[in-house]
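Asks: Heads up: the sequence lines are chains A and B, in that order.
Quick note on numbering: our numbering labels position 44 of the first sequence as 535, and the sequence is numbered without any gaps.
Quick note on numbering: our numbering labels position 100 of the second sequence as 591, and the sequence is numbered without any gaps.
Among the clues, some could well be false.
Heads up, the list lumps identical chains together, so a pair's fine if it works in one copy or across two of them.
Pairs of lysine-lysine, BS3-like flavour, derived with a Cα cap of 27 Å [what the hints assert, rightly or not]:
no.	residue 1	residue 2
1	813	607
2	543	748
3	535	748
4	543	531
5	506	559
6	631	493
7	660	493
8	669	493
Just so you know, these hints were derived from the structure itself, not from any lab.
There are 2 protein chains.
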Amino acid sequence: MKIASLQRRSIRGLKPYDPGLLADYRFKLDANENGFDVTKAARKKLLREMAKINFNRYPDPGTLDIRKALAKKNGVRVENVVIGNGSDELIHYIIQAFTDEGDRVVFPSPTFEMYKILAMANSAVPVASELDGRFDIDVKDILEKARGAKIIFFAYPNNPTGNCFTQRKMEAVIKKAKCLVVVDEAYFEFSKKTFINLLTRHKNLIILRTFSKAYSMASARLGCLFAGREVTDVINKIRLPYNVNALSQACARVMLKENTEAAVKTILGEKEIMYGLLKDVYPVVKSDANFLLIKVNDGARAKKYFEKNGISVRLFKDGILKDFLRLTIGRPEENRAALKILQRGV
Amino acid sequence: MKIASLQRRSIRGLKPYDPGLLADYRFKLDANENGFDVTKAARKKLLREMAKINFNRYPDPGTLDIRKALAKKNGVRVENVVIGNGSDELIHYIIQAFTDEGDRVVFPSPTFEMYKILAMANSAVPVASELDGRFDIDVKDILEKARGAKIIFFAYPNNPTGNCFTQRKMEAVIKKAKCLVVVDEAYFEFSKKTFINLLTRHKNLIILRTFSKAYSMASARLGCLFAGREVTDVINKIRLPYNVNALSQACARVMLKENTEAAVKTILGEKEIMYGLLKDVYPVVKSDANFLLIKVNDGARAKKYFEKNGISVRLFKDGILKDFLRLTIGRPEENRAALKILQRGV
Numbered sequence: 492m493k494i495a496s497l498q499r500r501s502i503r504g505l506k507p508y509d510p511g512l513l514a515d516y517r518f519k520l521d522a523n524e525n526g527f528d529v530t531k532a533a534r535k536k537l538l539r540e541m542a543k544i545n546f547n548r549y550p551d552p553g554t555l556d557i558r559k560a561l562a563k564k565n566g567v568r569v570e571n572v573v574i575g576n577g578s579d580e581l582i583h584y585i586i587q588a589f590t591d592e593g594d595r596v597v598f599p600s601p602t603f604e605m606y607k608i609l610a611m612a613n614s615a616v617p618v619a620s621e622l623d624g625r626f627d628i629d630v631k632d633i634l635e636k637a638r639g640a641k642i643i644f645f646a647y648p649n650n651p652t653g654n655c656f657t658q659r660k661m662e663a664v665i666k667k668a669k670c671l672v673v674v675d676e677a678y679f680e681f682s683k684k685t686f687i688n689l690l691t692r693h694k695n696l697i698i699l700r701t702f703s704k705a706y707s708m709a710s711a712r713l714g715c716l717f718a719g720r721e722v723t724d725v726i727n728k729i730r731l732p733y734n735v736n737a738l739s740q741a742c743a744r745v746m747l748k749e750n751t752e753a754a755v756k757t758i759l760g761e762k763e764i765m766y767g768l769l770k771d772v773y774p775v776v777k778s779d780a781n782f783l784l785i786k787v788n789d790g791a792r793a794k795k796y797f798e799k800n801g802i803s804v805r806l807f808k809d810g811i812l813k814d815f816l817r818l819t820i821g822r823p824e825e826n827r828a829a830l831k832i833l834q835r836g837v
Numbered sequence: 492m493k494i495a496s497l498q499r500r501s502i503r504g505l506k507p508y509d510p511g512l513l514a515d516y517r518f519k520l521d522a523n524e525n526g527f528d529v530t531k532a533a534r535k536k537l538l539r540e541m542a543k544i545n546f547n548r549y550p551d552p553g554t555l556d557i558r559k560a561l562a563k564k565n566g567v568r569v570e571n572v573v574i575g576n577g578s579d580e581l582i583h584y585i586i587q588a589f590t591d592e593g594d595r596v597v598f599p600s601p602t603f604e605m606y607k608i609l610a611m612a613n614s615a616v617p618v619a620s621e622l623d624g625r626f627d628i629d630v631k632d633i634l635e636k637a638r639g640a641k642i643i644f645f646a647y648p649n650n651p652t653g654n655c656f657t658q659r660k661m662e663a664v665i666k667k668a669k670c671l672v673v674v675d676e677a678y679f680e681f682s683k684k685t686f687i688n689l690l691t692r693h694k695n696l697i698i699l700r701t702f703s704k705a706y707s708m709a710s711a712r713l714g715c716l717f718a719g720r721e722v723t724d725v726i727n728k729i730r731l732p733y734n735v736n737a738l739s740q741a742c743a744r745v746m747l748k749e750n751t752e753a754a755v756k757t758i759l760g761e762k763e764i765m766y767g768l769l770k771d772v773y774p775v776v777k778s779d780a781n782f783l784l785i786k787v788n789d790g791a792r793a794k795k796y797f798e799k800n801g802i803s804v805r806l807f808k809d810g811i812l813k814d815f816l817r818l819t820i821g822r823p824e825e826n827r828a829a830l831k832i833l834q835r836g837v
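The shape of chain A in the complex, shown without the other chains (with noise of 0.2 Å):
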């Protein structure tokens, strides 16, 4: 017996991920993590809560603190939030409770890749509709792409390009879709940019936020998810029962107390002195999250020059993006890092 040949159709010519870690490093400016840790502060009252736990006990299936906590700082219902193992979870979620085989999951192109994937490994046909010149979507495409699509998947702003769309364009589609639209807004910490008002109007609209970036949390992997009683309901009947392990529900309930502001706020001064810097060296995108997008002279020379360095960015190989290099913005230490090697011209 073949046990390859045993495998779904839709996941034959798929590898598995990789997140390009450099495994020996000074400074991790690769995933867009939030270079600050928690304060001590909110260390220690982790630490006390994770003290409280019955690890041999299940965690509460419903997450239901985090869950009411969520809606209440978000103006939403209770049953509006789900609670998911990561965002990447929810994700999933989202295209395993509305796909059958073959449905199409549409997204702009370049995104954040797990949109591609994941479809695929659900066999689901992914639908990608280039940006423009700008970065920016094509209302036009996107709709025409989605006629008798499932869904149509936003990182708002994008990843890895860092802007976010025009506003008015990305209502134009929650409007005229006829599916499901999820509005990623993993970096709204940074952006302050949101649809989350437009829930109560549009059923079919999906908001996705993390603890993973401006949370400083992605260890605990805590995404969330808002939407109508109608959507929820659907994502329940597949969400696996205890999704949401009980320390990292602790994490949640202690962070959403924290202000995390005054790290966001030195995270977006140091990306206005690296655009700043750095925008007439190389094409840089303007960027509203806490990432620069930027393109070097020979990417793979680049890549040689950090990893000498011991700095870990994340570097981009094919098509549209080849030779760009999306770096984190860090603590103030690790940009200057950077900024070394990008000012030396690579």
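Dock chain B against chain A, hints included.
Replies: Just chain B now, kept in the frame of chain A:
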């Protein structure tokens, strides 16, 4: 637009999984957790390990430390191990990776409900093979139903019946089946029976284990999959890259060095006492796990009694399991409280 009409066809009849938990209870004997929490010494180590975490960083996507330790402990190679966000996630991955719409997934009935639910959630077709009068498997029926199927699932010991199926019957299925055979050994530390030694000879065999039972780590959601490289390579294609968070990884690292034998021994002793006292009063299945399946006289009345006394148990309402009650063997005082009710006659 009707959101419900967009959903996957195979989940239209599904309801969100209800773990059937009692909201307010003194004693929790409903989910086969280990009634003994981790020792004080282990708790200290757990918290010390978690204090070291960089909360702002993504977890190790390869869960390498844990896989290495598990590989060593079980005499397999690192590439034969996959860690999941609970066994639920691993069951889901197996079905997602190896079935297309309409492919059949076979399992004995009654058994752990997630095999059926997750088959449906992935558009596979669940096929049940009824257990015989002794809750043992019917090899001929299973092999017939598995012809052209993709996967056979066994819980071993079976849940909720508690017994291990006859070993040579299991081996017959593993040898003759032309599809994947998954043996879910969630209660292995209680039964001490395993098929992991057959892994090298049978590329279609998958063994599942968990930290949720004997290891007292239900809170952390940690499942383990052991299989040949051909299987794990396919699973890793669709595994979410950061599916196991850093806190749970820290828990696994600590607990793999702990000895769980003392609690297991106490529970097994308690089980023998309970079985001895109950078997002349009710039909009780001889159990290889940490729970007993008991046929009461009136399920609804029994449930009421247990609830009144603040004891959460799992009561089955339908089909062949009507009026069967699954009682986790917990700490001595918990078991005594349950016994008191059962000896009254319910």
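Asks: Hints first: check each against the structure and report whether it holds.
Replies: Results of checking the hints against the structure:
1. 813 / 607: So residue 813 and residue 607 pass the 27 Å test inside one copy only (19 Å; across, 45 Å).
2. 543 / 748: Answer is both: 18 Å inside a copy and 22 Å across each meet the 27 Å cutoff.
3. 535 / 748: Both, since 13 Å and 26 Å are each at most 27 Å.
4. 543 / 531: Close inside one copy (19 Å) and across copies (12 Å); limit 27 Å.
5. 506 / 559: Only across copies: residue 506 and residue 559 sit 22 Å apart there, 39 Å inside one copy, limit 27 Å.
6. 631 / 493: So residue 631 and residue 493 pass the 27 Å test across copies only (23 Å; inside, 45 Å).
7. 660 / 493: between (49 Å within a copy, 24 Å between copies)
8. 669 / 493: between (42 Å within a copy, 10 Å between copies)
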